[in-house]
Amino acid sequence: MKLADFTRSAGEWLRGVGPMHDVVISSRIRLARNLAGMPFLTRCTAEQQRDLEARLRKDILAAGIAPQVLYVDVAAASELDRRLLVERHLISRHHAEADTPRGAVIAVDETASIMVNEEDHLRIQVLRSGLDLTNAVAEIERIDDLLAARADFAFHDRYGYLTACPTNVGTGLRVSVMLHLPALKMTGEIEKAFRAAHDMHLAIRGLYGEGTEATGDFFQISNQTTLGRTEEQIVEEFIEQMVPKFVEYERAARSGLLQRRANAVDDKVQRSLAVLRAARLISSEETMYLLSLVRLGVNLDRLRDVGLQTVNELFLLTQPAHLQKTLGKELAPEQRAEARAGFLRKRLGAG
Amino acid sequence: MKSECDKCGKPATVHLTEIADGQKIEKHLCEDCAAQEGITVKANLPISQLLEDFILQTVAPGQSTDVKCDVCGLTFSEFRQKALLGCPNDYDAFGQVLEALIQRAQEGATQHIGKAPAGAAGRKKHGTILRLRAQLRSAVGQEDYERAARLRDRIKELEES
Chain W
1 MKLADFTRSA GEWLRGVGPM HDVVISSRIR LARNLAGMPF LTRCTAEQQR DLEARLRKDI
61 LAAGIAPQVL YVDVAAASEL DRRLLVERHL ISRHHAEADT PRGAVIAVDE TASIMVNEED
121 HLRIQVLRSG LDLTNAVAEI ERIDDLLAAR ADFAFHDRYG YLTACPTNVG TGLRVSVMLH
181 LPALKMTGEI EKAFRAAHDM HLAIRGLYGE GTEATGDFFQ ISNQTTLGRT EEQIVEEFIE
241 QMVPKFVEYE RAARSGLLQR RANAVDDKVQ RSLAVLRAAR LISSEETMYL LSLVRLGVNL
301 DRLRDVGLQT VNELFLLTQP AHLQKTLGKE LAPEQRAEAR AGFLRKRLGA G
Chain P
1 MKSECDKCGK PATVHLTEIA DGQKIEKHLC EDCAAQEGIT VKANLPISQL LEDFILQTVA
61 PGQSTDVKCD VCGLTFSEFR QKALLGCPND YDAFGQVLEA LIQRAQEGAT QHIGKAPAGA
121 AGRKKHGTIL RLRAQLRSAV GQEDYERAAR LRDRIKELEE S
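Which chain is which? The protein sequence lines are W and P, in order.
In terms of the working numbering, the first sequence opens at residue 1 and continues consecutively.
In terms of the working numbering, the second sequence opens at residue 1 and continues consecutively.
For reference, chain W alone in the conformation it holds in the complex (with noise of 0.2 Å):
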């Protein structure tokens, strides 16, 4: 297994099933972890940064938290390929952009991944295709238990496991919630649900995390606190409530949408693939934006051409990286558009 591998497919965060999949695109939960008797990595000697790193890979991989692993020196990895990672949502942009030892352990199959020295030493994520953070939370405590068994983690007895920023301390756990909410950017109604995300204590952010624009109309959901709730009432409130409202807004757009305004919809679905069928040269942003409607056609039953699995893939292998990968060259900006618009044309069984 190479990571040149993984361009073949989506992954596990795109493979469009699961429940409410419509609307959902993945849930991730990760935790925190730090190592008792040791100073948080910003604290540490470079010295100590290496022990951690190298400690940390051999307890992992020795833990046996999948069937088959793949550890990435991230620190030693290729701009080109530690960029791959982030856009697959395997490892974050902090720790693509760090200049520690650093490391990744990630699961074949793509459904766990494990940063050692991002801004905790260790941070766990657990990925899964639409709605299924019942089974994402019991996966990552598994994980943990997994790791807690060969190694002791920092935890206080009043403020939970410690991490190096205060407001991940607790629990630990970050539970996020992708979304594709076309119809309620299009019917303007968005603002009314991010209002109401942040009655519930929500934060938002866009596609690839904190401080990223939301594009193409994808939207992440997670929790701000991580104290004094239970893992299980952080995860519940998700599944029975937060999640459930956002669906039944977006849907409840859509059929609105398509009584009201059908012909309108499918003008703009149709267009949008009609740009990614022609176009000659085309950016990212612009690639992600006409996706997004084209998936809105394919949800709504209006598209019968083009797969959702065809239109979820799109998405990644778009992107600067997986374009790349994929066509196994470097290529600058300028050759990335009329390449990107190539492919897309081939994708979707164009001219």
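If you're looking for bench data, these hints aren't it; they were derived computationally from the structure.
Every value quoted in this text rests on a predicted model; they were computed, and no experiment measured them.
Hints should not be assumed to be uniformly reliable.
Said to hold, decoys possible - Stretch-level coverage of chain P by chain W, calculated; a stretch enters the list once three of its residues show a Cβ under 8 Å from a Cβ in chain W:
#1 82-89
#2 97-108
Said to hold, decoys possible - Sample of chain P residues with no beta-carbon within 12 Å of chain W, all distances over it, derived:
#3 C5
#4 K7
#5 K10
#6 H28
#7 C72
#8 D92
#9 R137
#10 Q142
#11 E143
#12 D144
#13 Y145
#14 E146
#15 R150
#16 D153
Each residue gets a CB set at the ideal place from its N, CA and C atoms; glycine is no exception.
Position chain P relative to chain W; hints supplied.
Then chain P, alone, in the frame of chain W:
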């Protein structure tokens, strides 16, 4: 695309197209105006800003808040700048100031009620190890290698106990 905010003329970062009654309305707003309009939610304030607001509200001008962790050497004002703590001991060393901040960031909560690692009883030794590591670091810095070697042995002994 229009690049200035409709309201204040600052660079626009939020671009929105609304369709109401068949009319297309385009809005271009800066981050602050978008948040005011409720279009974007500045719900997740960066911790650095949270810290800044908090310090301004609770600390009288001229009052010294600079506590220092005697294990990792981080001061509270350094924490203010980077928003990252230096070691587990900071959670005790920064005492009430940090507690009040956690309370604010965590919607009032200051007590963990979730999972705890098995064998949490052995935790006291980790505090000792953390201290010994800090001493080791300064011994190495002072080129006192004999002391450093003794400290290394002691750390190893404790870790394996």
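**Message:** Of the numbered hints stated earlier in the document, which are not met by this structure?
**Reply:** 7, 8 and 9
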